[in-house]
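Student: Letter by letter, the chains look like this.
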Amino acid sequence: MSVTPARVPPEERLVNLVVALMATEQGVTKDTILGSVSGYREQVESGSRREALEKMFERDKENLRGLGVPIETIGDYADPDDLREARYRIPPTEYELPADITFTPAELAVLTLAGGVWGEHTLSAGARSGLRKIRSLGIDVDEPIIGFAPRLDLHDASFLPLQRAIEQAREVEFDYLRPGSDRPRRRRVRPFALVEFEARWHLFGWDTGVEAERTFLLSRVLSDVVVTRQGFDESLRVGAGERALSGLRDVALRQNATVTAVPGTEAELRLRRRARAEATNGRQVEIPFVDLEVFADELASYGPEVMVLEPRALQDAVMRRLRAARDRSAESA
Amino acid sequence: MSGQPVVATDRAALILQLVPYLIAQGEVTVAQAARDFDVEPRQMRAMVEKLTVIGLPGEGGFWQMANDLFDIDWDLLDREDRIVITNAVGLERSPRLTAREAAALLAGLQLAAAVPGVGDSGVVQGLLSKLSRGAGQTPADVIVAPAPVDDVRETVARALREGVAVTFTYTAPDAHPTTRTVDPVKVTISAGQWYLQGWCHMRRAMRTFHLDRVTEPAVTSIAALHSSEPVPELFEPGDDEVVAEIRYPAHAASAVGEFLANAQVHEEGGFRRAFIRVADPRSLKRLVARSGGDVEIVAPPEARRAAHDWAQAALDQYR
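The listed protein sequences correspond, in order, to chains A and B. Per my numbering, the very first residue in the first sequence carries number 1; after that it's consecutive. Per my numbering, the very first residue in the second sequence carries number 1001; after that it's consecutive.
Some clues are possibly wrong.
Among the chain A residues that face chain B by a calculated CB cut under 7 Å, a handful are [claimed, not checked]: (1) 74; (2) 147; (3) 160; (4) 166; (5) 167; (6) 269; (7) 270.
I should point out that these hints are in silico values taken from the structure, not numbers from a laboratory. Idealized CB from N, CA, C, for every residue including glycine.
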């Protein structure tokens, strides 16, 4: 047998702890753990201070819970706050992927496609490790879906902190520039869902300032997102994604632009695809839009290929951009 | 969080995944396992070796018995670089997905649903509910609104599936329409935009086509012969392109977006100066107008003039 090293690396201690806590039905006390699980045991024997070991055990539990490992604490029935005699265990049914969840080869092929969308993004690590867990259920791999590469494009730095805050159901704060205003305002929001609509990411949540659900464009979040310690009831999130989506669709239904587009140009090609079919009349095209400023950016890029007739506010926004672009490009760099 | 280095926790998470993976594989090479876990072969070997000192607690002060520890076939590992678990003491089934893993896959699924033949198969709906159930925590709602799939997308998808060339009319910005025949290789769907990469019979090279600029698509009976040629990165500039110099405030970086692939960017106190590659620098007029003048073309001068004239011509319509 190999000689046990003087110091067991922390990852071995953590895995030993998981194995030990899953192997017990009644649970084991802290004393038993410290005296028997490799990683603690050696330190007890080499005379480490009890207090330091207990701290280490608390930290390990916290780190494992952070990985999603469900460690149960069974307290003293007479006095639930007294943890001296508490026993710890990991119920296998809570730890493992539920036994009745299985995946077909076709599902695995779609999941593989889904796992690839993050490209070089940090979330790709999560997607890959999730896929690994599922593949380890021992499924034959289906023919991969070749030729398609859906990609998520995340220019917005606020995406990741917002996603974490939604998971943890914690309120966030950030500076938000409302369209049409020239100065950002601090917002405090209960974040419910992230929604990509018309190629842009939106945050949907409860704006505590106005006491109502609101949708925010991530590209208008100008500051870092601060995740506060203030939590909220997770059940508020239920169905939020669908609510956000239908809200955005309603806005698109209500808002309509009328433009003329020069035939055969980039503008005509791109805009006609999105036009309301029932309302095209020669060069004139009617297009639904969600955000006036975002749509004005696009329309300005088409230059003389497009002329905005209605609404007036959209025409103004486009002309403002064109004037600024012209002046910025005047003679002498 | 705690003072313990995160890396140790991450390594523990890998070991918890490694055991069910190895059991499912039966036997696997070190190289393959390393690829599947995104680590170096040497790290995979160390992880597997480490596994053999992990196991059930020792009773009453005794060291653990061999049966209480994980074990592997050492001979097979030493001689053939292959891994087999010969004794497992738990961890046989995969852990639940973490909220983060589930969220990453759920969002990916919403996007994958846009691929023809995937969204309408019912597979995605089933997976959404399985993944939510397989996660220990409630993952964040990350939703991608599905874009309508039209005739162009359907036709390109069919050509890809059948391994034949597709023909269409392509109208690039500021160019006359051309008829192209293309061996389709890959369709990238990014930020709601669809790009087809394929071998263009006219240019005799790999080209990228924005599907919004495609009209009159048709599947041909010509077998796609160049589909296995390497596909360049989506926005990788070709050799024949010109360098342009632009300047913009830092907050406008996302507007410059795809132009910044492989660009040289310098910070200048709140501003950025970028040297970007474009086929025709005059085409930057669209970017300048879109940014409402945030983006300034420094060079070449004819591109700057083009941007000025573009905006002026647009404004003239409203007089």
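Student: For every hint, state whether the structure bears it out.
Tutor: Okay, the hints, checked on the actual structure:
1. 74: violated (18 Å)
2. 147: holds (4 Å)
3. 160: The hint is violated - residue 160(A) has no Cβ within 7 Å of chain B, the shortest such distance being about 10 Å.
4. 166: Holds. Min distance 4 Å.
5. 167: Constraint on residue 167(A) satisfied, holds at 5 Å.
6. 269: holds (6 Å)
7. 270: holds (5 Å)
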